[in-house]
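**Student:** Below are the chains, spelled out letter by letter.
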Amino acid sequence: MPKIEKRVLEWIDAKKEWFFVTAVTVAALLLRFPLRNILPGGMAGKAAAMLCDFLLALSAAAVVYLFEEDAVWKKRKSVLCYAAVLFSLHVAFASAIWGYGYSLQALFLIWSVAALLSGHSMPALGIYGVAVGLDPTALIMLPFLLYIYLVKKNFPILHFGLGVIPTAVMRLADAYTGGKLLGWYRHAAGAAETLYTETASFWAFLDGSTEKYREYAAAAVVIAVLVLAGLGLWLGKKQQHTRELFFTAFLFSAVTAFFWPGAAAGRAYVPEILSIVSAVFFPATFPLAVLFNMISIVLSAAALYGPDWLPLGIQGLSLAELAVLVLYVAFYARYPAGNYSKRNK
Amino acid sequence: MTKTEQKVLAWVKAHGSLLAAVLVSILGMVMRYPLRNIVSSDAAVYLLPWFAEMKERGGLAALSSQIGDYSILYQFCIALMTYIPVEPLYQYKLLSVFFDYLLAAGIAVLVYGLYDGTGNTAKKSRAAERAALVSYALTLCSMIVVMNSAAWGQCDSIYAALCIWSMVFLLRERYAGAFVILGLAFGFKLHAVFIMPFFLFVYFYRKRFSVLYFVLIPAVMTACGIPGYVMGRKVWEGITVYVNHLPAGQLYMVYPSFWAFLPDVEAGSDGFAFMDFYRYKPMALFFTVAVLAMLIMLLLYAKPRLEGRQAVSAAFLLVLSTVFFMPVMRDRYGFLYEMLAIPVAVLDRKTIPPALALHILMYFHYAGRLGQELLPFSMAQFSGMLLILFLWYLMILLHGMIKENVYAKD
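In the order they appear, the protein sequences are chains C and F.
Residues in the first sequence are numbered consecutively from 1, following this note's numbering.
Residues in the second sequence are numbered consecutively from 1, following this note's numbering.
Check the hints yourself; a few may be wrong.
Label pairs and their computed distance ranges (CB to CB) [to be verified]:
| # | chain 1 | residue 1 | chain 2 | residue 2 | range |
| --- | --- | --- | --- | --- | --- |
| 1 | C | P2 | F | Y407 | 34 to 40 Å |
| 2 | F | Y407 | C | Y65 | 19 to 25 Å |
| 3 | C | A323 | F | V12 | 48 to 54 Å |
| 4 | F | G232 | C | L51 | 54 to 60 Å |
| 5 | F | V30 | C | A323 | 33 to 39 Å |
| 6 | C | L158 | F | M395 | 33 to 39 Å |
| 7 | F | V30 | C | L319 | 52 to 58 Å |
| 8 | C | A229 | F | G371 | 21 to 27 Å |
| 9 | C | W11 | F | K234 | 27 to 33 Å |
None of these hints come from the bench; they were simulated from the model.
All figures in this text were calculated on a predicted structure; none of them were measured in a lab.
A virtual CB, placed ideally from N, CA and C, is assigned to each residue, including glycine.
If we strip away everything but chain C, and leave its shape as in the complex, we get:
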């Protein structure tokens, strides 16, 4: 090999993360661009949502860089996380095809969790309030925030009041332009008309959930609360540092999305992002994260083309998600066995 070529290759090798990030950023743009016309919709909204995808990926990468304990893999994991979030097909579908602003809400939630776990409870809950103001599905993070409040005991409950302020301001602005002040909360609180809609849910096993909603809603809320309380009690006994608490955030949000009644398509968006961050922190959970994300991608495609061809059906996919959640819990029950970082210490 000529010397000059070897030098060029060595230079590329030294800068490989930079090349990688540039390449995946360009590829992510090119991936999204042709998708924009699959469904009609405002291009400005889709462009803004796509921009938020990139900010979300950057934020997830920053979180990994800040909280990864393994010095060898700190930078490596953060660039891989950036790519993984950017190329999550559900992220791409939500922004480029549907024009949904899920990534904006997820962005605020990631910042909120990161700030809370860094010990900055006031800004964390303020940011959380903004996320809830944007979309009430952000309430799926509330069980985790309460868990942190109860376990860490390092901030007063009054800080939660801070979250109400931005939410109230945003809702008042919405009400001023004709929206219902509290109407959207009813949906999040389980007062929807169906037990689940186009999403994997524990309640998908009840056939004809629309008719059964009235009868089962109260039971569903109680079951969800009991499952979350059980999860909290179990997790409360474990020694957890920041990375582990990120994983806990994922677990709480995923369990809430799965068990809380009235779940609609897109509710699992934030848990999916957290599952990617968790997979980067704990590579052993990578296959589970892929499967967890695939369920939403399949459902997202089914929403585009109709449920007739849906592999496994909604019940089958719900069962698959339940299995994935059980495997996540099994992984964490065995943790930290087989963890790279621990071995490297």
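Starting from the known structure of chain C, arrange chain F on it as the hints suggest.
**Tutor:** Showing chain F alone in chain C's frame:
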């Protein structure tokens, strides 16, 4: 026991591997021979009519124009076959079966070279010999290989054998040979492109050979068209003929691709679906680029030892990812990674369960295709199973590399 008997037994013991190889080779033929009369739909609709047309137009003289959609080199083989007074179907199958043996031999040589992690072929242990023999037997007697060539009459073993031999040369650092053989593989089928990410990875990772070697590939591909040029074809046709290889209009076609979670939309079956294909194709293409980029980054971090089994593991992961995620993949495009799963399993026993599962799944696939019957599950479910196998392999192989190469010193 008589002295002669003792001598015979001693000779058998001393030449056990050779005898076993001969026996396996005979068994391979025993498996294939009864399948010789099966006329697959591909043979009936494409291969046999192409043969008849070539014969009618004067054998080699027919090379002046394109018949069928295969490369000029493969057309040249068909043209030569028209002069042999044997059933065309048998000739097609014999050519592929010959390459089955070459493929099995290539895999055996690959395993033999990589077994002890030295990458050389100097006299090795009996264990290396046994591993090579097992690989030879598993490849030759794999139902996928048997069905592909002897029943289906397909020629996937040709490009796959050449790709494997090019890997053998590449890993032994005989770069000119490696690229000439790879060029020959391209000369037969464009599917050889599936091994390219591995060649590019070795180029960036080892930094021991010049990028100019890659030029040998189009040069050999062009040279493969010489019989056609002599008969009046244009030189660029040696490469442009491959454009016809690319199926259009579908993200996947009877293949458990990652994209099977989207409906299997037929080109032109309705305008909406057809338009959607062209919107999804860039997505699938760039997603594949991203997956390969992430995998290559992980491999660079995992620092695989290319003198040992990790070389074939890296190649397997890259080929599997390429085929699984690339758009427009069709029925037998996974042949190369299915073959690479054999040396990976022999060299890394942890991968025996996923390798078995992969071969059984693909056997179902082949059986379904040959029998013209649907699989017992939908393509999306089939794809989900392949995704699980992909993740399984990823965890075993990458975890193994990182554990051995990055954290072994701690």
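**Student:** A separate judgement is required for each hint: does it hold in the structure or not?
**Tutor:** Hints, one by one, checked against the model:
1. Between P2 (chain C) and Y407 (chain F) the beta carbons are some 35 Å apart, a value that agrees with the proposed interval 34 to 40 Å.
2. The beta-carbon spacing between Y407 (chain F) and Y65 (chain C), approximately 21 Å, falls within the hinted interval of 19 to 25 Å.
3. Evaluation of the 48 to 54 Å hint for A323 (chain C) and V12 (chain F) yields a pass: the beta carbon distance comes to about 53 Å.
4. In this structure the hint that G232 (chain F) and L51 (chain C) lie 54 to 60 Å apart at CB holds, the actual value being about 56 Å.
5. Taking the beta carbon of each, V30 (chain F) and A323 (chain C) are about 44 Å apart, not inside 33 to 39 Å as hinted.
6. For L158 (chain C) and M395 (chain F), the Cβ-Cβ distance of about 46 Å falls outside the hinted range of 33 to 39 Å, so the restraint is violated.
7. For V30 (chain F) and L319 (chain C), the hinted distance range of 52 to 58 Å is not satisfied, since their beta carbons lie about 45 Å from each other.
8. Here the CB-CB span from A229 (chain C) to G371 (chain F) is close to 54 Å, at odds with the stated 21 to 27 Å.
9. Taken as a hint, the range 27 to 33 Å is violated for the pair W11 (chain C) and K234 (chain F), whose Cβ atoms sit roughly 41 Å apart.
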